[in-house]
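Asker: One letter stands for each residue in the lines below.
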Amino acid sequence: AQSVTQPDIHITVSEGASLELRCNYSYGATPYLFWYVQSPGQGLQLLLKYFSGDTLVQGIKGFEAEFKRSQSSFNLRKPSVHWSDAAEYFCAVSHRGGADGLTFGKGTHLIIQP
Amino acid sequence: EPEVTQTPSHQVTQMGQEVILRCVPISNHLYFYWYRQILGQKVEFLVSFYNNEISEKSEIFDDQFSVERPDGSNFTLKIRSTKLEDSAMYFCASRAEQGPLHFGNGTRLTVT
Numbered sequence: 075a076q077s078v079t080q081p082d083i084h085i086t087v088s089e090g091a092s093l094e095l096r097c098n099y100s101y102g103a104t105p106y107l108f109w110y111v112q113s114p115g116q117g118l119q120l121l122l123k124y125f126s127g128d129t130l131v132q133g134i135k136g137f138e139a140e141f142k143r144s145q146s147s148f149n150l151r152k153p154s155v156h157w158s159d160a161a162e163y164f165c166a167v168s169h170r171g172g173a174d175g176l177t178f179g180k181g182t183h184l185i186i187q188p
Numbered sequence: 413e414p415e416v417t418q419t420p421s422h423q424v425t426q427m428g429q430e431v432i433l434r435c436v437p438i439s440n441h442l443y444f445y446w447y448r449q450i451l452g453q454k455v456e457f458l459v460s461f462y463n464n465e466i467s468e469k470s471e472i473f474d475d476q477f478s479v480e481r482p483d484g485s486n487f488t489l490k491i492r493s494t495k496l497e498d499s500a501m502y503f504c505a506s507r508a509e510q511g512p513l514h515f516g517n518g519t520r521l522t523v524t
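Here the protein sequences line up with chains A and B, keeping their order.
Taking our numbering, the leading residue of the first sequence gets 75, the next gets one more, and so forth.
Taking our numbering, the leading residue of the second sequence gets 413, the next gets one more, and so forth.
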């Protein structure tokens, strides 16, 4: 069965600093990978996705993620965070491009220090 | 940009009552989903729906749950007899044939 691990429950970053949120997945074949962001009281917004091709994917709000098959990872990065980036971030995996349900990680809560 | 809309945003109900959570998926989407998130926990898949039938469901989606697409625009989740542990945020999502999921803002269900 597929699974997703986000090892960091909370991360605190200073505004303007770089960010990396870790995500590891477990799945036998090439997965479809996603990052979603959830602001307080809001739904889940898709930041970016990886289906195939270039392993470095660009998303909205200046985020990017890199798929590394050898490490079973899909870490999310941003070169300079803004206070508005404070939110919960979820990594998710699907094995049929979303034709079945996504499996989510437990999320990483991002705190931005002034 | 088209959005998935969910109503109500917050629903309070008494244990044992039936609730219906409503969703209007994006109009040209064909695949519909319900997820839930218990406070402080991760988002969990409940059910997927395509071509007027359930295509996949999780262990959580037991006989107390049902889904329906009563017309061309709505997609509903019914909980027949709510339990305290059904208190959660329920998210509806939809997608096109090859696209990613688009989520609504959720309905917070509180069972007292």
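If you are wondering where the hints come from, they were derived from the structure by calculation, not from laboratory data.
Glycine included, C-beta positions come from ideal geometry on N, C-alpha and C.
Fair warning: there could be bad hints in the mix.
Unchecked claim - Using C-beta positions, here's what the derived DEER-type ranges look like:
hint	chain 1	residue 1	chain 2	residue 2	range
1	A	Gly-115	B	Thr-488	18 to 24 angstroms
2	A	Phe-125	B	Glu-415	30 to 36 angstroms
3	A	Gly-115	B	Gln-476	24 to 30 angstroms
4	B	Ile-466	A	Gly-115	25 to 31 angstroms
5	B	Arg-492	A	Ser-100	41 to 47 angstroms
6	A	Ser-77	B	Gly-452	28 to 34 angstroms
7	A	Thr-86	B	Ile-472	46 to 52 angstroms
8	A	Ser-88	B	Ser-493	38 to 44 angstroms
9	A	Thr-86	B	Glu-471	31 to 37 angstroms
Asker: Indicate, hint by hint, whether the structure satisfies it.
Answerer: Against the structure, the hints:
no., hint, verdict
1, Gly-115/A x Thr-488/B: 18 to 24 angstroms, "holds, 22 angstroms"
2, Phe-125/A x Glu-415/B: 30 to 36 angstroms, "violated, 23 angstroms"
3, Gly-115/A x Gln-476/B: 24 to 30 angstroms, "holds, 27 angstroms"
4, Ile-466/B x Gly-115/A: 25 to 31 angstroms, "holds, 29 angstroms"
5, Arg-492/B x Ser-100/A: 41 to 47 angstroms, "violated, 35 angstroms"
6, Ser-77/A x Gly-452/B: 28 to 34 angstroms, "violated, 19 angstroms"
7, Thr-86/A x Ile-472/B: 46 to 52 angstroms, "violated, 33 angstroms"
8, Ser-88/A x Ser-493/B: 38 to 44 angstroms, "violated, 49 angstroms"
9, Thr-86/A x Glu-471/B: 31 to 37 angstroms, "holds, 35 angstroms"
Of the hints listed earlier, those the structure fails to meet are numbers 2, 5, 6, 7 and 8, in rising order.
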